[in-house]
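First to last, the protein sequences are chains A and B.
With the first letter of the first sequence counted as 1, position 16 gets the number 16 in the working numbering; the numbers rise by one all the way through.
With the first letter of the second sequence counted as 1, position 111 gets the number 111 in the working numbering; the numbers rise by one all the way through.
In short, the hints are calculated from the structure, not lab data.
Note that beta-carbon positions come from the ideal geometry of N, C-alpha and C, so glycine has one too.
Take these hints with a grain of salt, some might be off.
[Stated by the list, open to error] In silico negatives: residues of chain B with every beta carbon more than 10 Å from chain A:
1) Arg77
2) Asn82
3) Lys134
[Unchecked claim] To give an idea of the chain B side of the interface with chain A (calculated C-beta under 10 Å), a few residues:
4) Trp24
5) Ser109
6) Ser120
7) Leu122
8) Ile143
9) Ser147
10) Asp148
11) Asp152
12) Leu153
13) His157
14) Thr162
15) Asn175
2 protein chains.
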Amino acid sequence: MKTIVYIATSLDGFIARKDGNIDWMINIENPTNDDYGYAEFINTIDAIVMGRGTFEKVLTFSSWPYAKRVFVLSTTRKSVPNSLKGKVSLLSMTPREVLSFLTKDGYSSIYVDGGRTIQSFLRDDLIDELIVTKIPMLIGSGIPLFSDLAHDLSFNHIETRTYPNGLVKSHYTRNRN
Amino acid sequence: MKTIVYIATSLDGFIARKDGNIDWMINIENPTNDDYGYAEFINTIDAIVMGRGTFEKVLTFSSWPYAKRVFVLSTTRKSVPNSLKGKVSLLSMTPREVLSFLTKDGYSSIYVDGGRTIQSFLRDDLIDELIVTKIPMLIGSGIPLFSDLAHDLSFNHIETRTYPNGLVKSHYTRNRN
């Protein structure tokens, strides 16, 4: 079982403004319509785990963007919209329980998304890979990607790609040696 | 007059632990004794501006590391050690006043160092270049490089260099268009 974070942040480490707004990210020029390797990445994973906050943000999009099965962590939400039955499942579990559950279900490569969910997985040292794209902008405040940890987590740098519009995507794997 | 930040941070954006400790940064393997372009960078600047906190941290080092003139921003400190007379000057000024003063004094390329000092210059949009080296480690908490801003600051990405031990150095210039 491999867990991967794939996310974009501002230079100061925010994934969204405090109200969830990502205008500053969407407004980045992208004349070549680059997907920054997203489609290639999505092909490598077989399920997506996200928190309720991210799920409810995605529900506001004009269409459901995921072809892969999505598991939403929530202790409060009891159902998903009818249109997403079979595509989205709710789980009320700890990160460790989620991975155990998904392993038994045959999944082997999990995309972990959403600020609080990523943070809770990192706190239990359950993230194997980080793929973080830096948007060349300081926004000053917002929802941070990272948060408190019980101890340091060391990573190996695999590669960094840069894009003409200033995005810098770095790929790290957890170094547990 | 050009102002440049040249600094290293953890993946989660800290320049030191809460107590100022940078063990996690110093302990990174560096078998080729790489200076990550530091000497080359220092040759491009003609003075260093730092806060009192950073200055007093540097005073604990075994030797004074700077060949360039250092200006220390402080409203409280009244003197510098005798050994540093002629090398270090104290200034009790705002960031804008400092730059005006240094311009009149003939300086044209300033290295701005130290968390609070960098943050105060950024709040007044007085930083022209950011050169940030990412150490491949999450430390969870500490002294952040960035802080609140009155408005977004957009940057152009100039180049990113990667090092065999996992450091990733990105160079940005302020985009004021």
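Consistency of the hints with the structure:
1. Arg77: The claim holds: B:Arg77 sits with its nearest Cβ about 29 Å from chain A, beyond 10 Å.
2. Asn82: With a cut-off of 10 Å, B:Asn82 remains clear of chain A, as the shortest Cβ separation is near 39 Å.
3. Lys134: violated, 7 Å
4. Trp24: holds, 6 Å
5. Ser109: Since the shortest Cβ distance to chain A is 22 Å, the answer is violated.
6. Ser120: With Cβ-Cβ at 13 Å, over 10 Å, it is violated.
7. Leu122: holds, 7 Å
8. Ile143: violated, 14 Å
9. Ser147: holds, 8 Å
10. Asp148: Given a least distance of 5 Å, the restraint on B:Asp148 holds.
11. Asp152: Cβ of B:Asp152 sits 5 Å from chain A, so the hint holds.
12. Leu153: With a minimum Cβ separation of about 4 Å from chain A (threshold 10 Å), the hint on B:Leu153 holds.
13. His157: holds, 4 Å
14. Thr162: holds, 5 Å
15. Asn175: holds, 8 Å
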